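Chains A and B, in that order, give the protein sequences. Following my numbering, the numbering of the first sequence begins with 1 at its first residue and continues without gaps. Following my numbering, the numbering of the second sequence begins with 1001 at its first residue and continues without gaps.
What the hints contain is simulated information worked out from the structure, not anything from laboratory work. Here the structure is a predicted model, which is why all the values come from computation and not from measurement. Every residue, glycine too, gets a C-beta built ideally from N, C-alpha and C. Please note that the accuracy of each hint is not assured.
Pair ranges (Cβ atoms, derived) [as the list claims (entries may be wrong)]:
| hint | chain 1 | residue 1 | chain 2 | residue 2 | range |
| --- | --- | --- | --- | --- | --- |
| 1 | B | SER1228 | A | GLN106 | 16 to 26 Å |
| 2 | B | ARG1134 | A | LEU39 | 54 to 64 Å |
| 3 | A | HIS201 | B | ARG1307 | 18 to 28 Å |
| 4 | B | LYS1015 | A | LYS251 | 33 to 43 Å |
Sample of chain A residues with no beta-carbon within 12 Å of chain B, all distances over it, derived [claimed, not checked]:
| hint | residue |
| --- | --- |
| 5 | ARG5 |
| 6 | SER85 |
| 7 | ASN97 |
| 8 | LEU99 |
| 9 | THR115 |
| 10 | GLU160 |
| 11 | LYS165 |
| 12 | GLY183 |
| 13 | LYS235 |
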Amino acid sequence: MKRERLKEAFERKKRFKSKLKTYREKPIPEKTPDVPKGLYEKCNGCKTPVVVKELIQNRFVCPSCGNHFRVRAVDRIAITVDEGSFVEKGLGYITLNPLFQDHYEQKISEYKKKTNLDEAYVYGYAEIETQPCVFGVLDSYFMMGSMGSVVGEKVVKSVEYAMVKRLPLVLFIASGGARMQEGIFSLMQMAKTSGAIQKLHQQGLLYISVLTHPTTGGVSASFASLGDIILAEPKALIGFAGPRVIKQTIKQSLPEGFQTAEFLQDKGMVDKVVHRHEMKTTLSKLLSMHAKGGRA
Amino acid sequence: MNILDKEKKLEALEKELSRLDDEDSIQDIRIKIEDYKRRAMRNLTAWDRVLLARHKKRPTAKDVIDNVFNDFIELHGDRNYGDDKAIIGGIGKIGGHVVTVIGEQKGKTTEENIQCNFAMPHPEGYRKALRLMRQAQKFNRPIVTLIDTPGAFPGIGAEARGQSEAIAKNLYEMSQFGVPILAVIIGEGGSGGALAIGMGNQVFMLENSIYSILSPEGYASILWKDSSLAEEAAESMKLTSYDLKELDIIDAIIPEPVGGAHREPPKVYRAIQSTLIQALAYYDQQSPYEIKTGRYAKYRNIGFFQRFNYDNLKGVVK
Ligand SMILES: [Zn+2]
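Full structure from sequences and hints, please.
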């Protein structure tokens, strides 16, 4: 009797999961980087067009000047974790419109279609050169990777998932900050996510945050800056206030290289600036160094 | 006609009152004033409250500290870089409790404002606050914070010294203190700069204070590309105490006299005092573990979204 009930529950769970999968119109492609549609993409570093195929092969780094292109969550997963190891968690969240802002829902659904994501944050289980971890990515193509209620909740969920599985957490940050349209709720996500990281810390688990272009505002002033180890991609813009706001406030021009990853490393705010080509190896080394000593 | 114009009119009436000396006309004017207060000074718009929250004469953190706490001793500096005048802190007494008090300080004159940087803290300010909060944790003292800031300061030095890290670290640490944190928003609660000392077990707001993700001007210019729409932005942002109480972001509203806190400060001080004493008595009954987990649960559950469950999934997916 009991066994039958269990079986039934198991079946129901299976059905539920399969339905969740069908909810997404198209599943996230595992390895089909799809950033640029044309044959050429203009590089912001050297202002020359780059052949898209070369760009993809070069992990979205400009072959001539080394400029790191912004990367979509899908591509980030593809270039960072072992092929086929990523299993997405935390599906089925719906963004609401707490302040009844005009056009917000419409905007969200547009971005959903454009990026094929539910929200600006994706997380799941992954392996980096066989090192298991919980892997989360903010996608700056989805409303500048801004943090609203859903992103905050999913970040906390990924932290909780890491705690349950006793796995290290690796987050790739790319965010313009708080989601203004969600007002005070998005501000509160800063407290919520920072509190979750504190819990992770108390359990002795490793948290590596990787700051990519751009990392600013409420995300930078919460979980992004709380990594045990903070890595950054070269030339990424990292800061609390945006350069334009600072310029307006102090009415001075800003020094060369201000708020770049290198600047922050120099000021002691970032552990290491890591080139995208070395990112995977660096992460796997760090993860393996913590695999024994840590409780993971 | 916004609240400041109305205030001017009220002040003109009051001036008239002080000039008069015959009984009858004094009585007349008094009735007129009361009538005006009742008719025009209540039912404020969100923008009115923004103006009151930023009012030049509004009691500052220092005023509140001097009038609500006894024997306050100010403690300076973050023991690392310097002393940020935008955040003041120290130890004081209230109703038999010894508490750590931290407040964001605005000036009343331009000179004072330059000194305390218009209450816009630098990283060392937040680190000073954190140092004092850790001290409070060590000696098992409750923490009271008084929030009144347009936001964290956007500047070169602030970025170089790690504004982001300072705010994040405060949130990170505040989530695990075993002593109660009581946050009172007394004026402007501006974004991360306010939250960095505002992650309280309970958050109170003075009736005419505001709490928001950014200023209405900033909101209008970012979302609508027109900063002159600040009034409309204030209405739609849900930044008043009443809106935030309804959204369950804050725990209680501390009433203000008609026309704003600056018109009768002693009344406001008494209200703040009794609210704090009541809350402190409540947390006296709780263990550090309960206080910590209570605070964690409060912030863990804030969010406005939906997630499919098995039942409502059926309707959406064929
Ligand atoms: Zn280039």
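Hint check:
| no. | hint | verdict |
| --- | --- | --- |
| 1 | SER1228/B - GLN106/A: 16 to 26 Å | 25 Å, holds |
| 2 | ARG1134/B - LEU39/A: 54 to 64 Å | 57 Å, holds |
| 3 | HIS201/A - ARG1307/B: 18 to 28 Å | 26 Å, holds |
| 4 | LYS1015/B - LYS251/A: 33 to 43 Å | 40 Å, holds |
| 5 | ARG5 | 16 Å, holds |
| 6 | SER85 | 26 Å, holds |
| 7 | ASN97 | 9 Å, violated |
| 8 | LEU99 | 6 Å, violated |
| 9 | THR115 | 18 Å, holds |
| 10 | GLU160 | 9 Å, violated |
| 11 | LYS165 | 19 Å, holds |
| 12 | GLY183 | 5 Å, violated |
| 13 | LYS235 | 16 Å, holds |
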